[in-house]
Amino acid sequence: MMVLVDTPVWSIAFRRRRGDLHERQRGLREVLENLIAEGRVALLGSIRQELLSGIREERQFQRLRNLLRAFPDVDLSIEDYEEAARFGNLCRTAGVATSPVDLLICAVAHRRDWQILTVDQDFVRYGKHLPIRLLDVV
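Okay, so the sequence shown: first residue is 914 according to our numbering, each after it adds one.
These are computed hints drawn from the structure, not numbers from a lab. In this text, a Cβ means the ideal position worked out from N, Cα and C, and glycines have one as well. Mixed in with the good hints, there may be bad ones.
Taking CB as the label site, the calculated pair distances span [what the hints assert, rightly or not]:
no., residue 1, residue 2, range
1, G967, A998, 25 to 33 Å
2, Q975, E995, 16 to 24 Å
3, I991, A950, 27 to 35 Å
4, P1013, I968, 21 to 29 Å
Make a model of the complete structure from these sequences and hints.
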């Protein structure tokens, strides 16, 4: 099964030095490395953009850009955006604050029957109201 990987996980794996990671982050990085080796990783263009934003040094930008080019963007459809909007409406009705990128991740994963790999606790809240599946890496 494919796994849609959220921005913070990519950031831990590719934007931080291994020696700067605490134990849980090292474990998360290992999970991502295993998923990559198995060919089970999916990446959205909006996540690619988030990862590449805010990098001050051109050399670091080029390095990360080249690493991420190994992962093609998921082709999105009108239905993905419509489902993201529907999910947003469901969450807002339940009083849960959302972000457009997070909802797109939820919609894309749900529509394709994929899991989501994230450390963002917002997804736990979304999961109480949306039919999403988070990859448990505890």
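Report task. With respect to the beta-carbon atoms only, verify the hint that P1013 and I968 lie 21 to 29 Å apart. Result -> holds, 22 Å
Requested in this report: With respect to the beta-carbon atoms only, verify the hint that G967 and A998 lie 25 to 33 Å apart.
Outcome: With Cβ atoms ~27 Å apart, the hint holds.
Query raised in the report: Cβ-Cβ distance between I991 and A950: within 27 to 35 Å?
Result: Given range 27 to 35 Å: holds, Cβ gap about 33 Å.
Requested in this report: Confirm or reject the claim that Q975 and E995 have a C-beta distance inside 16 to 24 Å.
Outcome: The hint (16 to 24 Å, Cβ to Cβ) is violated, given that Q975 and E995 are roughly 36 Å apart.
When held up to the earlier numbered hints, the structure conflicts with hint 2 and nothing else.
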